[in-house]
Amino acid sequence: MLYKFFLLIGTLCLLFYASPASAKETPHVLIIYTSVDEEIPPDVLKLETLVSRFSDQIQVVRDRNLESDSFEGATHLFVYHQQGQLLPKAKQLIDEQEIPLYAIGQSATVLQAFDALSFKRIVSVSHFEQERSGKQVEFEGNEPVIVTTDLQKVTPHALTLSNQHLPVIFSYQHNYYAGLSTLLNRSHLLFSDTLFDFFDVQAKAEHVGYLRLEDVSPSADPELVDEVGTYLLDHHVPILMAVVPIYTDPETGNVVQFSDRPELLQVLKKLEDRGATVLLHGYTHQYRSSETGEGFEFWDVENGQPIFGPASEEAPILQSKEAFANHNDYQSYQKEMHAREEAYIRDKLERGVRDLTTLGLHPLGFEAPHYAMSHTGYELTADYFTNIFGQVQWGQEEWDVMTSVPFVTNPPFLNYMTLYPETIGFVDPQLSDPVKVMEQARDEMLLVRESMIGAFYHPYLGIEYVPEIVEMMESTPHFRWLSLRETNPTVTTSNLSIRVDASGQFIVEDQRSVWSAWVQRFAPHSFLEQALFLLAVVTFLAVAAFSLYTFYLRTQRKKRLFKERAPRG
Amino acid sequence: MANMLFVFSLIMIWTMLLYHMFLMQGGFWHFMTYRKPIPEWQKKMVNLPKVSVLIPAHNEEVVVAATLRAMSRINYPKDRLEVILINDNSSDRTGEIAQSFADDFPFIKVVKTTPEYAGKGKSSALNYGLTQSSGEILVVYDADNTPEKDGVYYLVMGLLNDPDAGAIVGKFRVTNAYETLLTRLINIETICFQWMAQAGRWKWFRIATIPGTNFSIRRSIIDELGGWDEKALAEDTELTIRVYELGWHIRFFPAAITWEQEPQTLKVWWKQRTRWARGNQYVVLKFMGQLFELKRKKIVFDIFYFFFTYFLFFFGVILSNSLFVLNLFFDIGLEVGNMTMVLWILAFLLFVTEVFVTLSIERSEFNLQNFFTVILMYFTYSQLWIVLVIYSLYLEMKRVLFNQDVKWYKTDRFG
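Just so you know, the sequences run in chain order A and B.
Mapped onto this note's numbering, the consecutive letters of the first sequence carry residue numbers 1 to 569.
Mapped onto this note's numbering, the consecutive letters of the second sequence carry residue numbers 1 to 415.
No wet-lab data here; the hints were simulated from the structure.
Accuracy of the hints is not assured; some may be wrong.
Claimed, not checked - One-sided and incomplete, this derived list gives chain B residues near chain A with beta-carbon spacing under 10 angstroms:
| id | residue |
| --- | --- |
| 1 | M4 |
| 2 | L17 |
| 3 | Q25 |
| 4 | V357 |
| 5 | S360 |
| 6 | R363 |
| 7 | S364 |
Claimed, not checked - Derived pair list, reagent style SDA-like, types lysine to any residue, alpha-carbon separation capped at 25 angstroms:
| id | chain 1 | residue 1 | chain 2 | residue 2 |
| --- | --- | --- | --- | --- |
| 8 | A | K558 | B | E148 |
| 9 | A | K559 | B | P39 |
| 10 | A | K559 | B | E148 |
| 11 | A | K558 | B | F371 |
| 12 | A | K558 | B | E365 |
| 13 | A | K559 | B | K36 |
| 14 | A | K558 | B | P39 |
| 15 | A | K559 | B | Q25 |
| 16 | A | K558 | B | Q25 |
| 17 | A | K559 | B | M32 |
| 18 | A | K558 | B | W259 |
| 19 | B | K231 | B | K271 |
| 20 | A | K559 | B | W41 |
| 21 | A | K559 | B | S364 |
| 22 | A | K558 | B | M32 |
| 23 | A | K558 | B | W29 |
| 24 | B | K36 | A | L548 |
| 25 | A | K559 | B | E365 |
Small disclaimer: the values here were computed from a predicted structure and weren't measured.
Backbone N, C-alpha and C fix where the C-beta goes; we use that ideal spot for every residue, glycine too.
All chains should be built: construct the whole structure from the sequences, respecting the hints.
This is the structure in structure tokens:
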């Protein structure tokens, strides 16, 4: 009898196990792109990021590498065609597919799926209408677009509002097309929204938002941080605090740590106790002689390249492939530089988490200074954090190819960290009505279902704008504040980990000994401090030795008395 | 800017402190080992050479009797010993008192400087004494010295057993150590000087400085050098350098002990120390110019040490103090971290423990009274040195600018 019981249980388990999977299968997405470069273009990375909201099975292939088996298992197809020509072989392979296709850029004019339609190019457009909401929007700047003139044959999702109302994003049969020239402009919001339709996903009817207190470094004014933080927590805003553990004075090069500012540290601890969540915002938020909060830390802006080592070392200029005699040399060079970059980044992240944890704070996410970071940096960050905040540096060579995505994603090139985008900017006190500007950005975000309303605020501005921001953000329809602690975030370094249990308590597993934690807390940072520390240790040893000698000589007093009395030694 | 200066002063000061820390270690080591070879060395003490003890004296009536009494007890074969008291231009009873000793002890003689040597200072007096002496080995004592009876014996023992030594320097102790607070401080200072500067340098670098008294030197060297430099204020430092230049070294042998009197009043102390400081500054400036021509790199190092003491270290201290004071009244952007506070405390402890080691070496000196004196010393006596260096630099500058003559000031004695 017993075996029948187990069989039954087993069958039931199988059923339950199988049922969610059969309800809706994860789409397998193939993104095909054209490019003149070897590297994946920023636009394509952004596309991949947007798609990662809908699938964690994404394959990105350049047209020239496309084979028939690339399509194996694919349920959805994207063709991103801006630069160059789509290779005939690739076109043929794409044309043979029957899975849903989303074409972007010039591809529609080439692909068989859209043969029946006629297209035209409009050189500059800034006004659009979103069909789903009926909203009309004007984005900053003009851009060229491709539209179809066959209005009646397609289902439009977005129209241009220049001379004619023509579909720039539409579906045709089971395929989609977006005639945008880039996804890095604001118009990508219109595209992003259509992904819910393309993947046939029911969006959650809510907009999650966050407000981040930015650049909280040891130079911050504790009163202002306290004032702003307390106000927000009093108003049930579960704020995030982007904390920088080390402040570097640009003029003197001196460093200040939170341990030097006990009052400020108390404020941060108090706010964290009340529900604020700490993010690590770099280790020093500066490089070379720049000021903390001003400088970049994970991107060498001067040389337009990643950072390969501490600022005290002369930054090596990254050599291009042409500088090498053969491919092997280039590869080994790349490997070396990669190793150096990795060492630098790991050191910063390890120290950052370690220092904050030692101080009794609990960083649960990461935000790169100025959002700038090399792609290697993003990948490594994922070893430590499950969350990353802000915009994304899409460019591998230029830091300012940087934009936001509208909703929460888990991009493969960020090693599947959860990306909480900052989407509506910050209070710029130089503007006459900065909150109004943020509100306009917020309104644009509402074009996208499930869009995140992410903002940040510099606490040194005091409380002035805070009530207005909160009111504006909370006026968003179906709005909810992000509660990061409930998303099961974890932070892991080589010897400690932080997570949050079901009751919201931090669980810190610190494998560092008490001694090493103490050492790390008080360990000197700058060269000068290290030198002084060494000096102190040496002096201390000498003092100890001399005390010992004195003691020894004293115990020998009587003995010596007789020795010295003996004539001539 | 302020921080840069601060770091600079920190480097200047700590270079000096670290160096002394190092010397102290050597000094302690020397104390633990210097007696070991004595039994072996005694075997060579046969066929002893003739020794001339030179004692320059200018108006020394207060102390000369005690000095010669000590000389009369010198434990050395009297047929190989002559003690020459060089009466240099005394207007008091020095000659008279000395003569009474000469009458009693055949190996003691009194000579009076002839006009070409008279009244020109210690170097000149010694040069005259040289002409009147016949020993292969010269031993020099100041007129206020009371050497222990084996002093000369050990000074000779060093020379006989160390063929590379041009001179042997003994240890001096203070007779009036417990007379006044000042002498107590000086006593501590001299003990430190011997066990750190002398013993430490000897142990590590085979360098010692001739201190002007209680040393033996081979006559051949003095002859080769043409006597003492009459222009030098600190004829001892000057002589030291020249001995090294000839390729000899100077051994510090603390078995040879003399006792001497130290100034009991601040005024006398001030004059004596000004003379030393000026003398050493003179030497530094004289040899800095020809620093790289000096053959013995060891001594270059030693001159550099003087340069550090009288110029760089001094400058560092002044700078650091000025910054500290300025910082009290103005915000000069000085960010003195906790570490510098820790270092300051360590510097103080270093000073105290170093002094304690040297005091415990002199068996009876590490007592409760001195314990507190040392702590007081750091804040008082040690700081006086700053004022002294400023003053002597001022005098030395004045001398160079106005081309003044150097005048030997004789230290006043106390009865």
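Now for the hints, and whether the structure bears them out:
no.: 1; hint: M4; in the structure: holds, 9 angstroms
no.: 2; hint: L17; in the structure: holds, 7 angstroms
no.: 3; hint: Q25; in the structure: holds, 7 angstroms
no.: 4; hint: V357; in the structure: holds, 5 angstroms
no.: 5; hint: S360; in the structure: holds, 4 angstroms
no.: 6; hint: R363; in the structure: holds, 6 angstroms
no.: 7; hint: S364; in the structure: holds, 9 angstroms
no.: 8; hint: A:K558 with B:E148; in the structure: holds, 21 angstroms
no.: 9; hint: A:K559 with B:P39; in the structure: holds, 19 angstroms
no.: 10; hint: A:K559 with B:E148; in the structure: holds, 21 angstroms
no.: 11; hint: A:K558 with B:F371; in the structure: holds, 20 angstroms
no.: 12; hint: A:K558 with B:E365; in the structure: holds, 14 angstroms
no.: 13; hint: A:K559 with B:K36; in the structure: holds, 16 angstroms
no.: 14; hint: A:K558 with B:P39; in the structure: holds, 22 angstroms
no.: 15; hint: A:K559 with B:Q25; in the structure: holds, 22 angstroms
no.: 16; hint: A:K558 with B:Q25; in the structure: holds, 23 angstroms
no.: 17; hint: A:K559 with B:M32; in the structure: holds, 14 angstroms
no.: 18; hint: A:K558 with B:W259; in the structure: holds, 23 angstroms
no.: 19; hint: B:K231 with B:K271; in the structure: holds, 18 angstroms
no.: 20; hint: A:K559 with B:W41; in the structure: holds, 23 angstroms
no.: 21; hint: A:K559 with B:S364; in the structure: holds, 13 angstroms
no.: 22; hint: A:K558 with B:M32; in the structure: holds, 16 angstroms
no.: 23; hint: A:K558 with B:W29; in the structure: holds, 20 angstroms
no.: 24; hint: B:K36 with A:L548; in the structure: holds, 22 angstroms
no.: 25; hint: A:K559 with B:E365; in the structure: holds, 16 angstroms
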